[in-house]
Amino acid sequence: MKSAVIVFPGSNRERDMLSALEKITGTKPVAVWHADKELPKVDLVVLPGGFSYGDYLRTGAIAARAAIMDDVRKKAADGVHVLGVCNGFQILCEAGLLPGVLMRNSHLKFVCRHVKLEVANAKTAFTRKYKQGEVWRCPVAHGDGNYFADAETLARLEGENRVVFRYAEGTNPNGSLNDIAGIMNERGNVMGLMPHPENEIEDLNGGIEGRALFESVLEAVA
Amino acid sequence: MKARIKVMLKNGVLDPQGKAIEGALGALGFPGVAAVRQGKLFEVELAEKDPAKARAALDEISKKLLANTVIENYAIEFDEK
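From first to last, the protein sequence lines stand for chains A and B. Going by the working numbering, the first residue of the first sequence is number 3, and it counts up by one from there. Going by the working numbering, the first residue of the second sequence is number 41, and it counts up by one from there.
You can trust all of the hints, since none of them are fake.
27 Å max Cα-Cα, derived DSS-like pairs, lysine-lysine:
(1) Lys30(A) / Lys76(A)
(2) Lys50(B) / Lys111(A)
(3) Lys76(A) / Lys103(B)
(4) Lys43(A) / Lys76(A)
(5) Lys111(A) / Lys59(B)
(6) Lys25(A) / Lys4(A)
(7) Lys39(A) / Lys104(B)
(8) Lys104(B) / Lys76(A)
(9) Lys46(B) / Lys103(B)
(10) Lys125(A) / Lys25(A)
(11) Lys93(B) / Lys80(B)
(12) Lys111(A) / Lys46(B)
(13) Lys59(B) / Lys80(B)
(14) Lys80(B) / Lys111(A)
(15) Lys133(A) / Lys4(A)
(16) Lys103(B) / Lys39(A)
(17) Lys46(B) / Lys93(B)
Just so you know, these hints were derived from the structure itself, not from any lab. Source: prediction; values computed, not measured.
I would like the entire structure built from these sequences, with the hints used as guidance.
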């Protein structure tokens with residue numbers, strides 16, 4: 003599987019993501035600079051975590067208008083898989099590729115800890131290697147992870163099984179509506195989540211349950 | 041032409057920063073403060089001289105970048121001079 007990781011000024015998890023992708027897919031991913039106009043031909047585009055543009059204006063707002071985003075939109079429309087993690091999720095929402103918005107954590111504090119994640123939909127390209135309802139441990143590190151959407155959008159997301167991950171067992175770290183940790187688009191090829199599966203892939207991390215997310219995509223595009 | 045764009049969270053959207061400020065004002069001994077909402081103010085200078093065209097441009101600017109209309113409203117004001 004070929005993959006690309008977009009690097010914005012202020013991204014800081016791109017190395018973790020590049021390393022995880024290489025370890026799991028066996029193929030070296032390409033790092034793509036935000037000012038580039040075109041992505042290489044890949045099966046998966048990843049927007050990594052970080053603080054693009056120092057979170058100026060709103061988290062992800064300025065990165066969402068970067069030059070490369072036109073091609074991300076085009077690739078997403080062509081059915082290429084797009085994954086946004088943390089700041090990448092915020093960017094996908096700001097870019098209109100996913101509905102809703104990630105607001106400031108309800109308690110106003112930055113959270114950096116492990117949460118329990120429930121696989122709310124195991125029939126997606128990003129979760130097919132998990133079991134429905136499976137709960138796994140995953141780290142989060144964010145100040146703006148409080149998912150918000152209007153009642154109509156939220157009802158649609160729930161009705162169409164587009165909530166992919168939820169915070170489980172009372173571990174919602176940010177006040178996110180319906181305990182939402184990750185959602186996908188209508189077509190199911192664009193997914194964003196706040197937790198960091200790329201940091202839960204080796205025993206050294208204390209767990210390897212994040213691998214299944216990347217292995218799912220690997221299987222889906224095979 | 042100078043304009044100000046005020047961006048505020050929509051009614052019903054929780055504003056934890058406003059709430060924290062409200063709490064701090066209470067602690068400072070301003071018990072009469074019923075509610076605080078925090079917003080953003082942008083001052084924009086435009087080369088455009090025609091007010092209708094300027095307003096249309098600012099409308100576009102606000103929708104495309106300054107405000108996220110999922111959660112925020114914006115209002116455009118021109119500087120009187």
